[in-house]
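Asker: Line by line, the protein sequences are chains G and B.
Under the numbering used here, the first residue of the first sequence is numbered 16, with each subsequent residue one higher.
Under the numbering used here, the first residue of the second sequence is numbered 278, with each subsequent residue one higher.
To be clear, the hints were calculated from the coordinates, so they are not data collected in a lab.
Bear in mind that the values here come from a model prediction, so they are computed numbers and not experimental data.
Warning: the hint list may mix true and false statements.
Restricting the straight-line Cα-Cα distance to at most 27 Å, the calculated cross-link-like pairs of lysine-lysine (DSS-like) are [unchecked claim]:
| hint | chain 1 | residue 1 | chain 2 | residue 2 |
| --- | --- | --- | --- | --- |
| 1 | G | 192 | B | 325 |
| 2 | B | 433 | G | 323 |
| 3 | G | 285 | B | 433 |
| 4 | G | 236 | B | 433 |
| 5 | G | 31 | G | 60 |
| 6 | G | 192 | B | 433 |
Partial chain B-side listing against chain G, Cβ under 7 Å, derived [to be verified]:
| hint | residue |
| --- | --- |
| 7 | 308 |
| 8 | 339 |
| 9 | 459 |
Every residue, glycine too, gets a C-beta built ideally from N, C-alpha and C.
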Amino acid sequence: MKEEMTPLERVVATLKGETPDRVPIALYFMSAAQFQMMNDDYTWKEVLNSPIRLYKNVLRQYEHYGADNFFLPPDFRVNGEAFGSKSQYELRCGCGYRMPVVTEYAINSVDEIDDLEIPDPYKDGRCPVILQTIEKLSKKYGNEVPIVGFLNSPPDVATDVIAGNYSTVLPMIATDKESMHKLLSKITEHLVEFGKAMVDSGAHALATVSGGFNNLTIGPKDYAEFVAAYHREIIGKVGVPYSYHQCQDATPFMDDIVATGTAAVAFHEKVDLAWAKEKYGKDVVLAGNLGVSEADAVLYSGTPEQVKEQTRKTLEVGKPGGKFWLSAGCEVHHALPEENIFAMIKAAKQYGAY
Amino acid sequence: MTEHVSELEKAVLEMDEKLAASVAQAVVDDGESAVQAINHGLVKGMKKVADLYDTEEIFLPQVLASAAAFYAAFDILRPKMLEEGGEGPGHKIVIGVVEGDIHDIGKNLVKTMMEANGYSCIDLGRDVPIENFAEAVEENSPSFVALSTLMTPTMKNMDRIVKELVEEGLRDDLKVMIGGGPVDEEFCEEIGADVYTNNETEAVQWLKKQTQ
Chain G
16 MKEEMTPLER
26 VVATLKGETP
36 DRVPIALYFM
46 SAAQFQMMND
56 DYTWKEVLNS
66 PIRLYKNVLR
76 QYEHYGADNF
86 FLPPDFRVNG
96 EAFGSKSQYE
106 LRCGCGYRMP
116 VVTEYAINSV
126 DEIDDLEIPD
136 PYKDGRCPVI
146 LQTIEKLSKK
156 YGNEVPIVGF
166 LNSPPDVATD
176 VIAGNYSTVL
186 PMIATDKESM
196 HKLLSKITEH
206 LVEFGKAMVD
216 SGAHALATVS
226 GGFNNLTIGP
236 KDYAEFVAAY
246 HREIIGKVGV
256 PYSYHQCQDA
266 TPFMDDIVAT
276 GTAAVAFHEK
286 VDLAWAKEKY
296 GKDVVLAGNL
306 GVSEADAVLY
316 SGTPEQVKEQ
326 TRKTLEVGKP
336 GGKFWLSAGC
346 EVHHALPEEN
356 IFAMIKAAKQ
366 YGAY
Chain B
278 MTEHVSELEK
288 AVLEMDEKLA
298 ASVAQAVVDD
308 GESAVQAINH
318 GLVKGMKKVA
328 DLYDTEEIFL
338 PQVLASAAAF
348 YAAFDILRPK
358 MLEEGGEGPG
368 HKIVIGVVEG
378 DIHDIGKNLV
388 KTMMEANGYS
398 CIDLGRDVPI
408 ENFAEAVEEN
418 SPSFVALSTL
428 MTPTMKNMDR
438 IVKELVEEGL
448 RDDLKVMIGG
458 GPVDEEFCEE
468 IGADVYTNNE
478 TEAVQWLKKQ
488 TQ
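Next comes chain B alone, as it looks inside the complex (with noise of 0.2 Å):
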């Protein structure tokens, strides 16, 4: 272990990104293992954060500021890794904020432990056109589809994604999570997605059951 790898902890826990990016820089610059660096370093650094904001001794700006913290390190150090051969599990997910909806927050979090993880995200953003889920799995062939939204009006959408998902016949070989304020379990199985979960450590636990 290099005190990169420590550094990188302490920048993430810290909510400092330039010394995140000045520390993945000199991973990239000394040839160390940036899978190392990310699991070891940034991974840990962002599972603390989880388990303080679980614990609700931090909240949502400082989780946003630790995550902004892990992005500027794990881009700077993702091309590598791929050369490394570190994808993770390789599982894929879509994920996105529904049509109608322009609060990403949620999701973004969920896509930060997703990613932490070392699950690959493919983010259609916020707002996103209720046909676009079907056109991104079509292109992709992700394992999961993860659907969010903060709004009461907006809920019916996550209904037409998963509709269109079963007549389009991708929804077989796919599960579909879905997340947000209004959302509970009784929705989820109304629409027929496949798990409804309350936040993003809930949602990696039980992606990690579903790809172990």
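The shape of chain G in the complex, shown without the other chains (with noise of 0.2 Å):
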């Protein structure tokens, strides 16, 4: 079938609550960037750090896979780095390399916070890189494709500024709010400004994801304080549509991430899609939600035809009233079978005809 509408007219309509010609498919598309990563023997160093490898790597998700969306950068790194840490980049997991680990951090400690400059987008550690791969992709694609900018969450860029990760940041939370909170408000002003120049650079929209604080390691009430009332700032400022995905379960803080104004709220398949649909539908934009990190998890460990099938039905109950986008519970990642991630794409698109 002839679409009739091109990525970026399709994901608009959904903003705006028209109805487009299908159902857009916007994937966070990190790690399973590895695979043509392997295919072309570059490692994550060489590519992250190559505004031209970059681009052609980012191309494939639209160009070879048929995502609706570029979303970059692929890795969580970005931001930890700018601030001065420095990562690991030939870290092997159980297939192959994975994206890098920061190990030599900014600061040592909650009394160094003061000294920590805001990084310059322009110039700081990777951020020049994706500005221009992001202009490089908005030269081609700037009238088709949504390009959208990737701001990891401010607590977990935290956990790759200050040594120990989560293991010094989570207990700051309860012990020490006032450093936490110094150390967030330096974070998020550099994401603003790395998210504005993202946008300066021909990015449409940004996104988010918030991992390491979910409903396995925070109570609601540290959520709305720590997590959701920085996305908050970020969103107020940036002046851009904004898709929030909150790994593991969203369910307890729904209401605090609808509030900060995102215009898309992206879930895991643990959120109860037609609950969502029910009571937040007509408010933003849900992305969702094929399992993908569990290992039973259909983009995991299913067949195509499974794939195909918890396609349709996830499309069943997401696509009726649009403002839905058909989304992997999480990041497309590179333990996943390529073949299903084609499997759902193909599946969208013949599923997702409004």
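Grab the two chains, each in its own frame, and use the hints to assemble them into the complex.
Answerer: Next up, the structure:
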């Protein structure tokens, strides 16, 4: 079937509450970027530090897989590195290399928070690589495909900035709220500046992933104070549509997430899509939620036939009334069978037409 | 029971590292029983913390802050505890986060509760090379190996570790526990581990059944 709208028109229609030609396929395409790195014999470091290689890699999200968006950067370390942290890029995991992790931190203790300088997105860390890549994408696809710049969630960035990672940052929420807020304020200032720079370079929208601060780690009260409040600040300042992904079960936090003013909420399969659609489907675009990150998740361990069927069922719930993007329940990662990504996108095009 | 014992419990519950360390030092300085201070003060406090966590009255930030207070005191009391012969049940557990994964909060929490319940943990840390588990088992002859991961791609390394333990002839006298976000009972069975537990409380409950 010939499609009537470009991906950009399709996504914009859903954001306006209008009916597109079909449900957009919005993917947080992250460590699956590694499929192409392995094919090209590039490491993460070689791709993430080169605008031309990153550009070619990101292009595949639309050109090769058929997603309705470009999402970049495909890793989480950019913001921590901008503050001065250093990453290990050659870490191996169960199926090849994996995205970098921070091994040297910008600061060693809370006493150094005052010394942290707000990074310049045009100079510091890998930010300029992202901006140049967005510019290149914009030149070719700026009128056709949504370019989505990724901002890591402020508390998750904090774990990349201060030594000890989550083991330092999580207890700060309990015993040193003042230092935590001071750190989050600086990080948020950087995220706003980096977000604006991405928009100036050609990004149509921004997206975040709230990963480590989820229902398994913190309670609703702390979530409102240390997570949602900072996204609300970013959203208020960047002036473009924002897509907010919450890892694990977002159910207890959904009111706070929607209240940030985000344009879209993307969530894990642990959230009951029918419930979310009923409660929030008129207020925000919902994006979800084929299982991708658990051992029994359909995209990870299912067959292409099972992926097709689950896509059909998900669309049956999410599609009516619009304001819905078909998505995986979390990042599209490199342990997925590649044929399952194709199966999801093919089925979304087949069953997603309005 | 001394005043110090109840102060240790309070320090754990109130997440007060400084208080925990100073009271533990006082226990040592005053020649009081470290075993009693640990079991009736620190462990009692951590058990209450675990209960509050299980009922979702507190969450990980508070549990980790309590665990920091627990260790601030435990590290001071441990040498005296050993002198007093209070090693607990004596069961050793080799514990670590598998290769490729640096997320160690879950592992640390499980380890804290294991130690709080008298088990002796040999902590290999995070992003632990596959072969290091078999090496640690050979060196320390533990009763259990506990493997953790938060990420889907690194689950496969749990399988590799179990296979390595079998190949090295170390599996028969050993029980393998697994835990972490993406794994479940089905995966546990698939790789031939002995048990999947969902959290630190379940892990300790299972251990107690095995070591009774």
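Asker: Would you mind marking each hint as holding or not holding in the structure?
Answerer: Tested hints:
1. G:192 / B:325: Between residue 192 of chain G and residue 325 of chain B the Cα gap is close to 23 Å, so the pair holds against 27 Å.
2. B:433 / G:323: holds, 25 Å
3. G:285 / B:433: With a Cα-Cα distance of about 23 Å, the restraint between residue 285 of chain G and residue 433 of chain B holds, given a limit of 27 Å.
4. G:236 / B:433: The hint is violated at about 36 Å.
5. G:31 / G:60: violated, 39 Å
6. G:192 / B:433: violated, 38 Å
7. 308: Status violated, d = 31 Å.
8. 339: holds, 5 Å
9. 459: Holds. Min distance 5 Å.
The structure is inconsistent with the numbered hints 4, 5, 6 and 7, although it conforms to all the rest.
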